[in-house]
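S.K.: Chains as they are written, first to last, in the working numbering: chain A, 5 to 728; chain B, 6 to 111; chain C, -1 to 181.
Just so you know, these hints were derived from the structure itself, not from any lab. Please note that a few of the clues may not be correct.
Stated by the list, open to error - Simulated pairs of lysine to aspartate or glutamate, DMTMM-like, Cα-Cα distance not exceeding 20 Å:
id : chain 1 : residue 1 : chain 2 : residue 2
1  : A       : Lys494    : A       : Glu42
2  : C       : Lys50     : A       : Glu533
3  : A       : Lys723    : A       : Asp626
4  : A       : Lys665    : C       : Glu130
5  : A       : Lys573    : B       : Glu53
6  : B       : Lys47     : A       : Glu533
7  : C       : Lys50     : A       : Glu693
8  : C       : Lys141    : C       : Asp112
9  : A       : Lys629    : C       : Glu42
10 : A       : Lys285    : A       : Glu579
11 : A       : Lys226    : A       : Glu370
12 : A       : Lys570    : B       : Glu107
13 : B       : Lys38     : A       : Asp520
14 : B       : Lys59     : A       : Glu564
15 : C       : Lys168    : C       : Glu151
16 : B       : Lys42     : B       : Glu53
17 : A       : Lys128    : A       : Glu596
18 : A       : Lys107    : A       : Glu564
19 : B       : Lys27     : A       : Glu630
20 : B       : Lys47     : A       : Asp461
In this text the structure is predicted, and so the values were computed from the model without any measurement.
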Amino acid sequence: MSEATIPRRAFFHIAAAGAVATQIGCGRRPNTAGQRYEVATACESCPNKCSVIAVVEGGMIRKLNPNPRNPKSRGMLCARGNAGILQAYDPNRLKQPMIREGKRGEGKWRNASWEEAFDYAAGKLAAIKEKYGPQGVVWSSTESFAEIFFKNLGLAYGTPNIVRHPTLCLASVNLAYSMTFGTVPSFDLQNANYVIMAGANRFESFITPDTMDLIESTMNRKARLICLDPRFTVTAAKADTWFPIKPGTDMAFILAMLHVIIGEGRYDKAFLDTYSTGFDKLQAHVIQYTPEWAEKQTEIPASEIVRIAREFSDAAPRAVFYAGRRSSWYQNDFQMRRAQAILNAVVGNWDKQGGMVPNGKMPLGELLFLPWDDPQAPRVDELDKNFPLAAKGDGAYLKLRENVLAGTPYPVKGWMISKQDPFNALPDQSKTLRMMEQMDFIGVIDIQMSDTAWYADVVFPESTYLERTDPIEMLPGIWPAVVMRQQVIKPLHNTKPCLDIVQGLAKRLNLSQYFDYTIEQWNEAAAKEMPIEMPLEYLKKHGVYASPDPPRYGATLQPEHRFVTKSGKIELFSERLQEAGHDPLPVYHAPEQPPAGRFRLVLGRKAFFTHANNTTNPWLLDFQKENRLWMHPQSAKPTGIADGDLVEVTSSVGSVRLRVKVAEEIRPDCVHMLHGFGKRSPWLKRAGEGGADAAILETAWDRVSGNAALHETFVQVRKVGVPS
Amino acid sequence: MKLFTAFLTAASILGAATANPKGNDAKGRFYYKQTCKTCHTKGAKGGEVTPMSKTQAQWKLYFVKAKHNSGTEALLKVMPEEQLRDVQTFLVNHAVDSPQPETCGK
Amino acid sequence: MKNEGKRYALAIDSRKCINCKACVVACRAENHVPLGHSRNWINEEHRGSWPKLFASFEPEQCHHCANPSCVRVCPTGASYQRADGIVMINEDECIGCRYCIVACPYGARFFREDTGVVEKCTLCAHRVDRGEAPACVETCPSKARIFGDLFDENGPLQQVLSTREHRVSKPQTGNSPQIYYLF
């Protein structure tokens, strides 16, 4: 097979492509004489899957334009989406399989053929299975179209230890809304008249359709936006009211709103009588949470809490307390989200225009095959014991790492990783490093030499999203759509799409029967149930198929409708939570406060680099070349710290150095740094300077969902240098 | 409720293996899609049936009774016992009152 | 002449700008603008002190003035204005003297060392001529820019200008700039 050696002609082709590739992004108009054509596909600069139209000239991607056919992303493409071209033409991307030669992390690699890389990895995986059982390998990945192939390989291999990204993200939201409504709804920002956003920074951290809808609503329809954030963000700047709430006290604010709304009879009684259970218990429960009490917790005046509660209920049902879209911050994150969900339920915004809407779906077929046997061993994170209510297939990442490090309940010696950089995604890098060091084998599938890949044994270079076709997928929503990511250009280097990599490994692990199909067959089977003629041809042409009907509201507002909960109703009071030993109604516990001389580290995102994976993109890095530690002048001055000074930021688990930005835009009891900077991998030398938050974040998780709690770290700041 | 418990006891005395919930969810989903869905879709002769058509208790009871086609034929005529066990596990796990929190992706 | 009877211009609703830079990257990709330079940019203003803070953002690029000083000072005629109002630079005729950079009140032009010529926003004339919107307009997530033909009374530009108060930047220059900032 051609896997073993690259034919000479192909090699010249690759070299030539590389030469042309270096022209992209240098500002010179490349010589792209040749056929011009357009390919409708889906972006993968972030997880949002906006539809784009790639313009190709002379075999090179010239431009990515937004595809207005997608009812979600419509005519938008953010900065990252536009800069996605450079992902394919990045001179420092992974270009061929590599096998580690030196010590782990030493950086001695040898180039390998695919055949060699597959043989080597499969040999290691088989050896671990032999010695420790299939549970001896952890299989971790982040959500993407092709994740299913990678995950299925882990399941077929027989490991129970599939660990996905949600517990590093918003598993607490998903669980809280699922426990309350039986589903996670969308928020109809396009039609809402009143939006409360706590912590989520939708105008700055992540540009999605919600961003577009919210700006249109607030600026053109005069919808009110209330922002709660310890930082003055772009969202705060655009809000009607911004409260620099004391961190960790959001739940007190929400409970006091419930106190006012229920106490003043401002709730939707008819709706609650018909569709919910436990209102009487809720009513009694929130009596204790007065606005005056909440003022002491949140530092938001009681009169303002009363005002917001009244305005919110007056605007209902076109009023939402927005749930997304940010990672989880405190050990009570699930209960805080439950309080939000209950507040939304109480004003009766469920399934109403401008309210909270259960997601519409579209039919999609699937390629059927008889799956594997169930794993014999229990999960290493002991999910059933520790987080019995959590989504079974996702695992709990931080608990998993704790148990792997402790070797309980059994040893784990292998780690397969796809589209994820645990080294930067998990708090406390020293623990992640120890977890990697104790592995007999680490295999990484990625498009670049991430910090995690740098510590791996085998690196499988994946084709970028512009070079491959992925499984088509239905995106649920108020206006659902089926989207397709298809190959725009042939792979520039010796890379493969996820399915091919999985197949290569499966063949050597004798698991081919589960992967005996092509991506085309997979997509044909999926498209089969779409309600149009020639669905795959349609998708190939347009990249997206949206329902021709505009959104409808109120399908679930039938008294006989059964919510997917234990009682069949919206559960304000949750028996399932009670049975699992958790508060059945959200109970407030004041968060610990930083002792004198320390600050709470609060994180945040800029939409140029929402995750850790765009900080090498020169077009994006141009906007921010380093991350700085935000410090309020009141906090910086007494310690003699001035703008631009180099400081050492220390927590109980580590320290990082970065420069300071003295800023009015942050509470004096907090400091802030952006995520995604301070990379170690020499291959990411173009990445931004500064410090990695993961090096100093401490391990903490939400008690119910197991979601990493990222704002529970207190730090000291010490000046170590002045601006050069 | 008492009657329901009696049913379950009776079933286990009769040794109905189909009441054993220890099946394979993923395989159950496959058999359900491959076999059940051929008739139980919208417009087909069996009418649409999804896991969400019943509660967990109702599905368990259904497999205790183990009768198909409006109670006229034994479920075992539709598929063999071990497949039924998998299908039961799938249907119970995804019933309308089952705890199945949503997640991001599949 | 092509596009006679048209007058292209932009209206910008700065309130909707969230400083996301999609327009800057889209322009960089579309027009191969080298790093270190930009044909469009976002002016930021931050005021106040904790906790009374304000921030505002204002996208800017070549104003495609009705009376462009850059065209007046160009010694070779490289800088010229199309009939439809778009101010262009003919790279073959540009000698890199940079008078136009000095003459522009908006700082919209820059000199490229590698090519030896001056560059600036062309309103994506090549796209406009194909019937497409400029890249910055098309990509904008918050749709802060409205592109259109001032002579088209029923067009999107006239509709917004006839219903919303607006201003131009530095009207005193006499350049008659054609970016209309909405209030």
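S.K.: Against this structure, judge whether each hint is valid.
M.R.: Against the structure, the hints come out as follows:
{"no.": "1", "hint": "A:Lys494 to A:Glu42", "in the structure": "holds (14 Å)"}
{"no.": "2", "hint": "C:Lys50 to A:Glu533", "in the structure": "violated (55 Å)"}
{"no.": "3", "hint": "A:Lys723 to A:Asp626", "in the structure": "violated (27 Å)"}
{"no.": "4", "hint": "A:Lys665 to C:Glu130", "in the structure": "violated (42 Å)"}
{"no.": "5", "hint": "A:Lys573 to B:Glu53", "in the structure": "violated (23 Å)"}
{"no.": "6", "hint": "B:Lys47 to A:Glu533", "in the structure": "holds (12 Å)"}
{"no.": "7", "hint": "C:Lys50 to A:Glu693", "in the structure": "violated (31 Å)"}
{"no.": "8", "hint": "C:Lys141 to C:Asp112", "in the structure": "violated (34 Å)"}
{"no.": "9", "hint": "A:Lys629 to C:Glu42", "in the structure": "holds (18 Å)"}
{"no.": "10", "hint": "A:Lys285 to A:Glu579", "in the structure": "holds (12 Å)"}
{"no.": "11", "hint": "A:Lys226 to A:Glu370", "in the structure": "violated (44 Å)"}
{"no.": "12", "hint": "A:Lys570 to B:Glu107", "in the structure": "holds (15 Å)"}
{"no.": "13", "hint": "B:Lys38 to A:Asp520", "in the structure": "holds (19 Å)"}
{"no.": "14", "hint": "B:Lys59 to A:Glu564", "in the structure": "holds (14 Å)"}
{"no.": "15", "hint": "C:Lys168 to C:Glu151", "in the structure": "violated (26 Å)"}
{"no.": "16", "hint": "B:Lys42 to B:Glu53", "in the structure": "holds (8 Å)"}
{"no.": "17", "hint": "A:Lys128 to A:Glu596", "in the structure": "violated (45 Å)"}
{"no.": "18", "hint": "A:Lys107 to A:Glu564", "in the structure": "violated (64 Å)"}
{"no.": "19", "hint": "B:Lys27 to A:Glu630", "in the structure": "violated (54 Å)"}
{"no.": "20", "hint": "B:Lys47 to A:Asp461", "in the structure": "violated (51 Å)"}
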